[in-house]
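If you want the building blocks of each chain, they are given just below.
Protein chains: 8
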Amino acid sequence: MRDLLETVAAGELSPAEAEAELAGYVTGDAGRFDAAREQRRGIPEAIFAAGKTPAQVAELAGTAVETTDRALVTRADDDHVAALESHLGEEYPDATLERRGSSVLAYGPDYERPTLEATVGIVTAGTVDGPVADEAQIVCEDAGATIDRIDDVGVAALDRVLDQADRLREADVLIVAAGREGALPTVIAGLVDTPVIGVPVASGYGHGGDGEAALSGLLQSCTVLSVVNIDAGFVAGAQAALIARAIDHSGE
Amino acid sequence: MRDLLETVAAGELSPAEAEAELAGYVTGDAGRFDAAREQRRGIPEAIFAAGKTPAQVAELAGTAVETTDRALVTRADDDHVAALESHLGEEYPDATLERRGSSVLAYGPDYERPTLEATVGIVTAGTVDGPVADEAQIVCEDAGATIDRIDDVGVAALDRVLDQADRLREADVLIVAAGREGALPTVIAGLVDTPVIGVPVASGYGHGGDGEAALSGLLQSCTVLSVVNIDAGFVAGAQAALIARAIDHSGE
Amino acid sequence: MRDLLETVAAGELSPAEAEAELAGYVTGDAGRFDAAREQRRGIPEAIFAAGKTPAQVAELAGTAVETTDRALVTRADDDHVAALESHLGEEYPDATLERRGSSVLAYGPDYERPTLEATVGIVTAGTVDGPVADEAQIVCEDAGATIDRIDDVGVAALDRVLDQADRLREADVLIVAAGREGALPTVIAGLVDTPVIGVPVASGYGHGGDGEAALSGLLQSCTVLSVVNIDAGFVAGAQAALIARAIDHSGE
Amino acid sequence: MRDLLETVAAGELSPAEAEAELAGYVTGDAGRFDAAREQRRGIPEAIFAAGKTPAQVAELAGTAVETTDRALVTRADDDHVAALESHLGEEYPDATLERRGSSVLAYGPDYERPTLEATVGIVTAGTVDGPVADEAQIVCEDAGATIDRIDDVGVAALDRVLDQADRLREADVLIVAAGREGALPTVIAGLVDTPVIGVPVASGYGHGGDGEAALSGLLQSCTVLSVVNIDAGFVAGAQAALIARAIDHSGE
Amino acid sequence: MRDLLETVAAGELSPAEAEAELAGYVTGDAGRFDAAREQRRGIPEAIFAAGKTPAQVAELAGTAVETTDRALVTRADDDHVAALESHLGEEYPDATLERRGSSVLAYGPDYERPTLEATVGIVTAGTVDGPVADEAQIVCEDAGATIDRIDDVGVAALDRVLDQADRLREADVLIVAAGREGALPTVIAGLVDTPVIGVPVASGYGHGGDGEAALSGLLQSCTVLSVVNIDAGFVAGAQAALIARAIDHSGE
Amino acid sequence: MRDLLETVAAGELSPAEAEAELAGYVTGDAGRFDAAREQRRGIPEAIFAAGKTPAQVAELAGTAVETTDRALVTRADDDHVAALESHLGEEYPDATLERRGSSVLAYGPDYERPTLEATVGIVTAGTVDGPVADEAQIVCEDAGATIDRIDDVGVAALDRVLDQADRLREADVLIVAAGREGALPTVIAGLVDTPVIGVPVASGYGHGGDGEAALSGLLQSCTVLSVVNIDAGFVAGAQAALIARAIDHSGE
Amino acid sequence: MRDLLETVAAGELSPAEAEAELAGYVTGDAGRFDAAREQRRGIPEAIFAAGKTPAQVAELAGTAVETTDRALVTRADDDHVAALESHLGEEYPDATLERRGSSVLAYGPDYERPTLEATVGIVTAGTVDGPVADEAQIVCEDAGATIDRIDDVGVAALDRVLDQADRLREADVLIVAAGREGALPTVIAGLVDTPVIGVPVASGYGHGGDGEAALSGLLQSCTVLSVVNIDAGFVAGAQAALIARAIDHSGE
Amino acid sequence: MRDLLETVAAGELSPAEAEAELAGYVTGDAGRFDAAREQRRGIPEAIFAAGKTPAQVAELAGTAVETTDRALVTRADDDHVAALESHLGEEYPDATLERRGSSVLAYGPDYERPTLEATVGIVTAGTVDGPVADEAQIVCEDAGATIDRIDDVGVAALDRVLDQADRLREADVLIVAAGREGALPTVIAGLVDTPVIGVPVASGYGHGGDGEAALSGLLQSCTVLSVVNIDAGFVAGAQAALIARAIDHSGE
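Residue numbers (this note's numbering), protein chains in the order written: chain F, 4 to 255; chain R, 4 to 255; chain L, 4 to 255; chain P, 4 to 255; chain S, 4 to 255; chain E, 4 to 255; chain C, 4 to 255; chain W, 4 to 255.
One thing to keep in mind: the hints can contain errors.
As the list claims (entries may be wrong) - Residues from chain S that face chain L, not an exhaustive set, calculated with beta carbons under 10 Å:
id : residue
1  : Ala39
2  : Gly214
3  : Ser219
4  : Asn232
To be verified - If you want the footprint, here are the derived chain S segments under chain L, 3+ residues with CB under 8 Å:
id : segment
5  : 22-30
6  : 51-61
These aren't lab readings, by the way, just hints derived from the structure by calculation.
The structure displayed is predicted, hence computed values, not measured ones.
We treat Cβ as the ideally placed atom computed from N, Cα and C, and that holds for glycine.
Using the sequences provided together with the hints, build the complete structure.
Below, the structure written as structure tokens:
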């Protein structure tokens, strides 16, 4: 520890980097950033922007880039993105920002994205499921998995999904996002011999709307599925990435 | 009316038959029986046994047989059936009783069952949906429709239902009963060009169990379905019979 | 198939038309359009605008017109309508657009609306039920049924509905839209011998508001009703149209 | 107070009677009995048996008879009734017990039932609503109101209720008990110019069963109704009795 | 009827007035106005503005003034009020408009407000319950009852309500509006011997917020209460007015 | 640790006692007993019997007596109690068993119950709240607090609670158990200047029954209350005991 | 009382101060202010701004300052704060205003804040829990307790909370605010021997969002916790202050 | 197919075996058995006994053994087991039956259980979670995975789980079953870098009881988890087995 503190004193290491090294997390005004999460959990911490102020999101993302060379922000609105661009642009001018829907991935020039020998299939039932699938996709890409994205194959026209059966069977793990009655994950899980993660999407209206019908349908599925919360694209993506990682590692 | 009252006075018509003639319903200790319902509503009144005492059910069924030559009792337990058999056996010894699951149909020797030129397809997703489909079936049979019953074609093994696609397309109207996540009515409604009535069944466990997931899934279906309450086999059967009747009449 | 591909190569058939012919659906950036739905399901696909971007709605509607000579868009807000008008005006300048409330029907110059020998009665309990009934009505009109619309006959003043009993009995199938406590569909279903479809409407406030009281009341109705989700005017209209179609065909 | 304590010392007044006189309530092992409730609230305390042991119910009823010459026990099962009969038979051998359904009224030889110049109409939609209406009726009878009971006039056959319109209009206040979708109180409230109290009944099954659909329907009624909890026959009866009492008193 | 039609032909009676006379209601573009409701139901129809367009509200109010010399509009926002003022100002320039919160009462120069010999006490638990109590008050005033309004006597400081016990006991019927946990109606109903109507108010936050805790508390009250829906000031006022009317009439 | 293992080897310490000493908990077939909980948490672990087999409960209680000289079992039915008596009677014949309702306290001959200089007031609204209050009481007694129990002072007769105001103010902390609408904790919390813990009780029926109305009412209380789950007498008692302990310790 | 009224007549005491003295509360247009609450309840009344108009809030705060030299306003938005600043600036120019998040504390120049010899630990699981903890903190500070605030120690990285175990054990009472699944209060309550109050926070999305999952988790906690409503920072702070006060007083 | 039919004709293959070969499923009175599920889905069909009659369960299990040499029955009560033992004992006397809790695994003498090079960790929070974990375990064992079972490490005593951290990190995939507030899966998922599947268990009481609090807590978890329905041990086990299978295959 003495060595580490001396590098701080010498200005070679920022206090945040040192705290990350020693405690595993970094404490700031906007909260603590869990810099050791990837190492401990296999998946780095993401910053959930909804409910935080733009300044808090920007500070947390800055700490993430400073200590782990990378930041992933989800559920960011335009104000969050503006604050991110301004703060990172100032503090980490070399960092690259990629936006996919409401998610932003930022990384420094030396960041090496991992690669996994495994394919995550990401499937949507309809057009409105797209943003949730996008959130899952950025997480899986960030983890280094290969993505096979198949859109708009809802069961109202069964041929749309049956026509994709071969591609579905080739993925190592599948994420299936569906709103309304959420029948698609069940139908797909009956066709493939790989793990399927169902993501209910907050579409629909009236009784069971906002994803509640889809959630309860997925939980009741007569096939084998595991489920994440309504619209939880991040969680589905991270769980799929952990499975992809387990598959990849076992092949070593 | 004078004539009618004279036939009562002469003992040629029972007071109940006369009240049925005059008021359309018959008033007894166990409630009023709506003797005019078939004429007015197209479907005769059924006696819902659950929540009534065996004696009340027996009395109401007796009134039904006395005034309309027929009685249909649903949701009858063994005590209800025993009371029915005893009461009708005593009062209407010529009546025939048919039991299907928890339903009992009783009719007098002169009763002529109607016939309809229309087929109602009745489909179940799994073994536990059988009793609900049975309740729908007895109503449709009683109304004179042809029945095509197709059991246990749940979507976990999609071939089971695709193998029946031609039979499904030949029915004039379909009743599809499904519990758990209730995906089958949606899948079938995507395959046929006829009206489909979905019946959620009170199976499943945990969140969305007891038919609530199936109900909300059917209400949210991305195809065209109309729905009845959980386990409402009678209502589904009666609605299908009214559609069959409309089809039949229009062909006259 | 060779012939078809040659007409594409010759520019006589658009790729979308060819895909519709071969696969039954057309794949675009905004999703897949189910061009074969009318043929398979009896009712053409409608485009549910809520939750989609104006550009997605316009693209899907364009594909619909291109491949089926017709498009029906429901739950469109002003932005959706503007995008529709602009996109279709540019791409299919001959197309006609009809707006009823939040629905838009677009069709090309050669489009022949079907006709059905059957009447759908559409009834509302109060002024606020109008838009939901409108959505049902445009679907039934589009399917070619005759419409008999009866407005504002809620049960608080029973004479309003009893005065219409004869008209109600003359329809082949009835759609009854009601919010608040939803008593009207039950009262009407006790008066007629035809199928009644109840549509709960998201009116009311406090406990059971937003249509939940009406929905549970319709599901619990002591008469024979089938039900669609809260505000599901499209589904009610399409189900009524399928029944009208079955009646019409049987009369052939 | 001295005088009162001396009558206790002299054995002319029981300690319970004295406590009732001084505090308004009597404290025993089974709880406190509110002996002053009739005077303060217009309606004497009733003993709700469900959830209490037979011994507790019997002790509370004994205290009620001792201090107010009367006891009303509701929701009593057979064990409660046996304990009541045994305890009161021993301690108050002159008391009379009247049982109506699950309610028991006990009173001493000197008890004078009050009389009110007002009629409470008590109406049921179906046979299963009977026990709830019975509970309301015993409370109103106990309060001295005239009762007009009209059974089984549910809206599935509208004539049943229209045939009773004149009787309904003659009551000073109406209690209408209905389960399933609970449409009857709304229909009746549209026909009469007197206060209507709706009582939802725990019948029905599936979604909205156990009286929840009826409750939310009554709360959403498009007419003027006040409502009590599901199966709360006692509360409906007591509220009607208070209204009858207000009408009676004002006529003095 | 001939005479009546001749007065129409002669321009002495408007078609709306004639329809009101003959049918009891008047049919317009915005719906049917129940002109006979006061006569039939004891309380005239009110126009619930929420969910209707300003133009619809204004038309219905105009019809009400034309045929019954009076209109009561509830839940009106500023746009509704502006449309009312403009439409009525043009068509019925002699009419007077009174606004209380979100309610508007309009009446013609010859309108005679009824009077009742009965007092309705209207009580609130807190400042936020005021608008709901206002809605009840305008209905009772319109019906001619005397009002005793007692504000902000919630049970957190019990003295506030105990200090008003005598006033509370003097009213003939009480309306008590309370949000949050809704304890006040129960406490008051334990102190008075008159009918109490509880109105849950949509205040509070978190679990049981928006009036649901208050509603369920009032339904479960261990005293005698009847209840209306959350925020249903109109219904509470109308029910209290019907009770006041019954008291008044009986005193004749 | 060597010393400890040697005492085990010498048979002076049982393996369970040694594991408790080393790990803080003891592992058996029926689960792990947290022997260090009192030291860590201030309140010893209790064994919640519901959902466990009698044999599991008996084994866990035996381990508790063996390692901490004491066991508290809650929610025990007769089978649990029989197994407890048999197992403890055999293994720990010197132990004393005390039963209060569904709770059982067992302790060895050397057990010294702690004492606290603080009074916990335990209050019930009605007779049915007794068992929940009993569960709280046994926990507080076991922790050494003085108990002041005040029963059946529900707000329907406000004098019952106002008569106890002085006793209520003298307690250091209050537990108030109430079912139905749960108004009593709010009323009491308005009268005293000490912490009040509200316990909703699963009484009542219909909407908000089984304690849900009381729970939401306590959470919405306009006074200051903290709350535990429905029927959670143990939790309320333990929290009150922790507060009593904090008061007692601070006085040292 | 005569003396008091003479000081009013002499202008030495305002009418509001006199009413506060005599009745314990002050009646104004915006409601009644409970000036005696601190004395009776141990915690002064706070003014909950949400749902009140800015003018009502300002008037109530003015009355509070006038009669108790202090006012605490919670859930104030910018309009409320502006009205407060304007009204108090005019009427009580000597008063000081402190704003923390959505809370405002105002006090006169002679106000002496109490002090308590007790520490309240206030803990958050994440950044979004901050405002709820702030509300609790201002109440505890206002009551004179010492505060130890520990932020952002959610269980996803268990080291964050374990690193604070010693600080957590040193507080006399703990408030733990957590949204999402609300696991932190349970984890902390397993580590300390003092009372823990859990505050569910309205974060999260989908099923169980808006704090409902956290609330039900806290109520089900397998440790000892008491709970307040979702986001009820004020209630948690006030309950902790009452406990701190009891601890402080006992040490006298 | 001709060959196959000839072996049937020759009595070398049963009709059921032939149907399984041709259609993939076998149709009997008790429903269709999906004999091809293992091949298609990776996990063989299990027979869910709850809701089926003992005879139905026995017939389906017989068909499973006949066509796949193995049957797994879950949620079997004593009657189901008796019927299984009797039917299989008669028809397949060589079959072995293994019972674990409410699950029964039956297999013929030639059945070769698969083996997977992967470890599934199965963890419970408390004693009552055991049966749900047992159901998961039998499925994983049947699929050939290595099981590491860790019981009763709930978070009330955090050391219990921290003491197992190394074992937890060594599993390839984890199933964590927890009732009440369900905090354990979240705590474990923060400690390991492998996929965690949370199973909410129907324990607890009051609000959020029967597993609903645990389910919503798992869905809201601030870590990465996927979830199955309440008590869905079979689904959790099958999903874990599919992941184990993917890991195993990738290592080939």
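- Does Ala39 of chain S pass the interface check with chain L, least Cβ-Cβ distance below 10 Å? 7 Å, holds
- Query: Does the nearest C-beta of chain L fall within a distance shorter than 10 Å of the C-beta of Gly214 of chain S?
  - Reply: Holds: closest Cβ of chain L sits about 6 Å from Gly214 of chain S, inside 10 Å.
- Query: Was the hint right that Ser219 of chain S lines chain L, CB cutoff 10 Å?
  - Reply: 9 Å, holds
- Query: Taking 8 Å as the C-beta cutoff, is the stated coverage of the segment 22-30 of chain S by chain L satisfied by three or more residues?
  - Reply: Coverage by chain L holds here, the residue count being 4 at a Cβ distance below 8 Å.
- Item | Interface hint compliance - Asn232 of chain S to chain L, C-beta minimum distance less than 10 Å | 4 Å, holds
- For the segment 51-61 of chain S, does the count of residues with a C-beta closer than 8 Å to a C-beta of chain L reach 3? Answer holds; 4 residues pass the 8 Å Cβ test.
Every hint from the earlier list agrees with this structure, and none is contradicted.
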